[in-house]
Amino acid sequence: MPLIDIQWSWIAPELVLAGFALAALLAAVIGAAARGRGASAKAAMGPEGGPGLRLAAALSMAGVALSAILTLPQLAAGSERLHFWGGMAHDPFSAFLKVMVALSVLVVMVMLGGYWRALHNRPEIYALLALATLAIYFMASAAELVLLALAIEFLSLTSYVLVGYLKHEPRSAEAGLKYFLFGALCSAVMLYGMSLLYGLTGSTTLQGIGAAISGPAAGTRPEILLAAILLVLAGLGFKIAMVPFHQWVPDAYEGAPTPITAFLSVASKAAGFAVAIRFFAMAFPVEEIAHHWATIVAILAMLTMTWGNTVAIWQTNMKRMLAYSSIAQAGYVMVGLAALGIGGRAVEAYAIPGILLYLAVYLFMNLGAFAVVIAVANRGGTEEIPGYAGLHHRAPWLAAVLTLFLLSLIGIPPTAGFVGKVWLFLAAIRGNSVLLAVLAVVLFINSVISAYYYLGVVRRMYLEAPEDSTPLSTNRPLVGALAVCAIATLVIGLYGQPLFALAQETAATSTLLHGVTLWQSAGR
Amino acid sequence: MSAHQLAFLVLGVLILVSALMVVTVRNLVHAALFLILCFAGVAGLYVLLQAEFLAVAQVLIYIGAITVLILFGIMLTRKITGGAQPPLASHWKAAGAGAGAFLLLLLYVAMTGQWQVSDQPPMDSTTTLGLALVTRYVLPFELASVVLLAALVGAVLLARDETR
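Line order of the protein sequences matches chains G and Z.
FYI, the numbering for the first sequence is 11 to 534, going by our numbering.
FYI, the numbering for the second sequence is 776 to 939, going by our numbering.
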């Protein structure tokens with residue numbers, strides 16, 4: 011038997027993405043060299059950017075798209091595999107998330123093309139985005155603590171740079187630094203929790219940990235395990251913007267280039283939830299422990315929703331408002347996570363598909379909202395909410411699509427947000443537990459609170475007179491991104507059944523996530 | 776008390792005291808020097824645990840590379856080598872309470888947890904480590920190189936002077 015029995019084709023999508031990202035980096039360097047010679051200095055400094063920029067963007071987008079296409083076969087049932095000694099899980103669950111994240115990154119890259127700030131002499135932003143996508147691919151698949159920690163750190167490192175990318179603007183630089191300091195602390199705490207888990211179970215694979223906990227040798231008291239889980243939750247909570255690990259969110263979201271903010275709010279959050287679901291489902295398949303962590307997640311979900319929505323009311327800056335709204339949205343998704351832990355098999359058909367569906371829906375509506383923010387701020391516009399007054403007169407289409415996205419974020423039918431929220435709500439109600447019922451009520455109340463500030467923006471756009479009534483023009487990349495998001499938000503809202511069926515199929519065929527199956531085959 | 780325990784005790788005190796000095800001394804250069812002492816203590820712990828390779832790596836990388844880099848950073852950035860920076864931020868009481876609570880939690884976990892103890896005899900840790908890196912942990916090993924590259928590119932991007 012050969013010493014290493016691995017086939018690199020197992021991670022073909024990841025390898026392709028890595029290759030294209032590195033090629034994009036190289037293209038950026040070549041572009042810079044050409045600029046240095048002065049050959050195309052003028053073209054490089056123009057709004058279109060130099061050949062380096064266009065090449066880097068094209069390579070990055072091609073890499074992300076190609077890797078997503080290569081991932082598609084894994085969506086099929088029966089393709090489930092645990093490779094690399096239990097380190098990488100390839101199942102429909104991870105494939106669903108990867109395709110979804112790839113899609114959102116593509117939209118973000120298109121949005122970058124329509125972003126007004128001067129990025130043109132630094133095309134590396136595309137390569138970094140592609141690398142961040144690679145990190146999320148590994149996070150979605152990692153089933154082993156070392157790989158998991160490394161993937162999370164990978165995403166964090168690239169995100170810090172992306173947030174602080176406009177380094178000459180004090181706000182962006184400060185945002186990057188704050189994000190970095192907070193992230194470093196949360197990573198350290200998470201690693202501590204992981205080392206405790208290893209010490210308690212003697213295994214670094216999630217499956218091994220699950221077997222050790224549910225196996226006959228399980229002698230560890232649940233509260234000890236719970237302490238380790240809590241420490242890991244600190245790191246994951248940082249990624250998904252959960253209270254009390256949310257303090258970085260408003261500053262980072264406001265200071266970062268807006269397309270990057272959109273990326274953080276959608277892709278980075280989805281990755282955090284992917285890890286959370288896999289971590290909890292695979293490593294803690296015991297009902298007693300599941301009940302404990304899920305109770306904590308439920309309480310934190312209530313705090314996250316309520317805090318995010320309440321503070322969002324007082325915001326006067328659109329990006330900060332969307333930042334708090336994204337904290338609240340993380341709370342909604344956590345409802346599904348809590349339901350999964352407490353309800354167990356009773357809600358299995360709702361919880362994981364509900365989370366997947368909501369993340370997919372959230373992708374379109376939130377990316378769309380940020381695209382409008384870019385469109386309004388372009389050409390010396392503003393990011394402050396009063397600046398949205400009378401937008402209806404200046405750009406009727408922009409006002410209309412922003413209204414659609416905001417209604418969807420509230421969860422009003424017939425938008426996609428309604429479809430997403432219904433399943434999370436159902437998961438909480440079917441869980442047959444008092445705590446989950448309370449959670450469902452809190453979810454409902456919070457949707458009402460959120461309507462107040464979302465509709466406040468709509469009211470300004472339609473009922474107030476604009477200060478400056480010059481029409482607002484939108485550039486082509488933004489129109490494309492907005493069209494994709496708006497159509498998806500509407501179509502999923504009107505006819506969301508196929509997507510939910512896909513999510514349900516995905517959850518049902520990802521048997522690695524079913525603690526019960528694992529429990530039966532326990533034994534080390 | 777066995778010699779092993781005595782050595783552990785000495786190393787533990789060394790690590791804790793030097794770590795405390797790192798965060799409380801006013802002179803940043805002194806703080807970096809105490810950091811070296813702290814790292815050396817950790818290297819000693821690795822030796823006690825019969826992980827020679829990790830001990831050597833700790834000395835080479837943490838003491839040899841990282842602290843030297845920190846010292847360079849201090850010397851090159853600002854004139855803070857002899858300055859009197861206030862060592863504690865204004866919120867240190869709240870931070871201390873949080874850290875204290877964290878310590879209590881960890882102590883409780885350490886005391887009551889049932890830790891997995893390997894029943895295998897000690898083996899050549901360097902060989903095992905090398906094998907693990909190219910078999911079981913080959914993927915994290917390869918990914919680490921990409922992570923480092925991304926960090927490198929990011930650092931250059933943030934630090935590069937673009938006015939020229």
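Simulated from the structure, these hints should not be mistaken for lab results.
The model shown is predicted, which means the values in this text are computed figures rather than measured ones.
Be a bit skeptical, because a hint or two may be false.
Claimed, not checked - Stretch by stretch, here's where chain Z covers chain G in the computed footprint (C-beta under 8 Å, at least three residues):
#, stretch
1, 156-162
2, 209-217
3, 342-352
Built from N, CA and C at the ideal position, the CB exists for glycine as well.
Checked hints:
{"no.": "1", "hint": "156-162", "verdict": "holds (count 4)"}
{"no.": "2", "hint": "209-217", "verdict": "holds (count 4)"}
{"no.": "3", "hint": "342-352", "verdict": "violated (count 0)"}
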